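Student: Full structure from sequences and hints, please.
The working numbering puts the first residue of the sequence shown at 1, with every later residue one more than the last.
Where hints are given, some of them may not hold.
To be verified - EDC-like cross-link-like pairs, simulated, lysine to aspartate or glutamate; straight-line CA separation at most 16 angstroms:
hint: 1; residue 1: Lys13; residue 2: Asp55
hint: 2; residue 1: Lys13; residue 2: Asp127
hint: 3; residue 1: Lys13; residue 2: Asp155
What the hints assert, rightly or not - Here are the in silico distance ranges between beta carbons for each label pair:
hint: 4; residue 1: Ser154; residue 2: Pro195; range: 44 to 54 angstroms
hint: 5; residue 1: Val35; residue 2: Cys170; range: 30 to 40 angstroms
hint: 6; residue 1: Ser105; residue 2: Ala202; range: 19 to 29 angstroms
hint: 7; residue 1: Ile139; residue 2: Ser209; range: 46 to 56 angstroms
hint: 8; residue 1: Leu70; residue 2: Trp16; range: 30 to 40 angstroms
hint: 9; residue 1: Met39; residue 2: Arg211; range: 41 to 51 angstroms
hint: 10; residue 1: Gly199; residue 2: Gly172; range: 26 to 36 angstroms
hint: 11; residue 1: Gly133; residue 2: Ile192; range: 28 to 38 angstroms
hint: 12; residue 1: Arg207; residue 2: Gly133; range: 52 to 62 angstroms
hint: 13; residue 1: Met152; residue 2: Asp89; range: 31 to 41 angstroms
hint: 14; residue 1: Asp178; residue 2: Gly199; range: 41 to 51 angstroms
hint: 15; residue 1: Ile192; residue 2: Tyr31; range: 24 to 34 angstroms
Keep in mind that the hints were calculated from the coordinates and are not lab data.
These figures come from a predicted structure and were not determined experimentally.
Each residue gets a CB set at the ideal place from its N, CA and C atoms; glycine is no exception.
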Amino acid sequence: MSTGEPITIRVIKPGWCTTVQDLGRHGYQHYGVSVSGSMDRLALVIANRLVNNHDTAAGLEITLVGPELLFEQPAVIAITGADLSPAIDGRAVPLWTTVAIEAGSRLTFGRRQTGARSYLAVEGGFDIPLLWGSRSTHIATSIGGLNGRALMVSDTLRAVFSSTRSKRPCIGTSLADDVRPRYVDSPMLRVIAGPQHIGDDALAALRDSDRQIRQRS
1 MSTGEPITIR VIKPGWCTTV QDLGRHGYQH YGVSVSGSMD RLALVIANRL VNNHDTAAGL
61 EITLVGPELL FEQPAVIAIT GADLSPAIDG RAVPLWTTVA IEAGSRLTFG RRQTGARSYL
121 AVEGGFDIPL LWGSRSTHIA TSIGGLNGRA LMVSDTLRAV FSSTRSKRPC IGTSLADDVR
181 PRYVDSPMLR VIAGPQHIGD DALAALRDSD RQIRQRS
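Tutor: This is how it looks when you write it as structure tokens:
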């Protein structure tokens, strides 16, 4: 990563499952290495573009219950994906928007409104070592990201942006509302027939019965 002004972010609360993710670790599946990467690639790419990062820069994937993060230096951030009620020092943060955060400020997340996974990008990207071409965390095998695991209390994250960059993010830049992804609690799921035919009765039960996914307490 290019040298420049460092940004240090302290983890006060880690959230339910907050991990470092990028677009994945491709080309190693024949060695048994999972692609991993973000669940919502579009949301992460847009977050990175809002802060003028490369599409492949690492961000935080925040699942259902978000963290509390203390920014020790000023930074430029963007939050996309699910609406987990983000706030800076108690003030609501607009989603899909380039936002400045001051030194000493705390980014928190509250009640889930829509969706399941939110994405935080910081200008410069998170300074995490590359492993097989990716910074993504794969928890099952404890590789990548921050020591191969979700964030924990007292962890430290760093981002570095080059002081010589010719183009800085424009605060207030926002993705137009009519092109933002919509996250709903009852999405339509498509079923595609595969080589293992499960029978008409089983297919009808899958298609016509109600299903509900619950978060374990």
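Student: Within 19 to 29 angstroms or not, the Cβ separation of serine 105 and alanine 202?
Tutor: 53 angstroms, violated
Student: Do the beta carbons of valine 35 and cysteine 170 sit within 30 to 40 angstroms of each other?
Tutor: 33 angstroms, holds
Student: Run the distance test for lysine 13 versus aspartate 127: straight-line Cα separation, threshold 16 angstroms.
Tutor: 20 angstroms, violated
Student: Please check whether methionine 39 and arginine 211 have a Cβ separation lying inside 41 to 51 angstroms.
Tutor: Violated - the Cβ-Cβ distance for methionine 39 and arginine 211, about 19 angstroms, lies outside 41 to 51 angstroms.
Student: At the C-beta level, are methionine 152 and aspartate 89 separated by a distance inside 31 to 41 angstroms?
Tutor: 23 angstroms, violated
Student: Range first: 26 to 36 angstroms. Now tell me if the beta carbons of glycine 199 and glycine 172 are that far apart.
Tutor: 55 angstroms, violated
Student: Verify the CB-CB distance for arginine 207 and glycine 133 against the hinted window 52 to 62 angstroms.
Tutor: 40 angstroms, violated
Student: Note whether the CB distance of glycine 133 and isoleucine 192 lies within 28 to 38 angstroms or breaks it.
Tutor: 30 angstroms, holds
Student: Assuming the hint says 30 to 40 angstroms, is it satisfied by the Cβ distance from leucine 70 to tryptophan 16 or not?
Tutor: Cβ of leucine 70 to Cβ of tryptophan 16: about 19 angstroms, so the range 30 to 40 angstroms is violated.
Student: Using the C-beta atoms of isoleucine 192 and tyrosine 31, is the stated range 24 to 34 angstroms upheld?
Tutor: Hint holds: Cβ distance 29 angstroms, inside 24 to 34 angstroms.
Student: Is the gap between the beta carbons of isoleucine 139 and serine 209 within 46 to 56 angstroms?
Tutor: 32 angstroms, violated
Student: Kindly confirm whether 44 to 54 angstroms is satisfied by the beta carbon distance between serine 154 and proline 195.
Tutor: Hint holds: Cβ distance 50 angstroms, inside 44 to 54 angstroms.
This entry does not satisfy hints 1, 2, 6, 7, 8, 9, 10, 12 and 13, going by the numbered hints stated previously.
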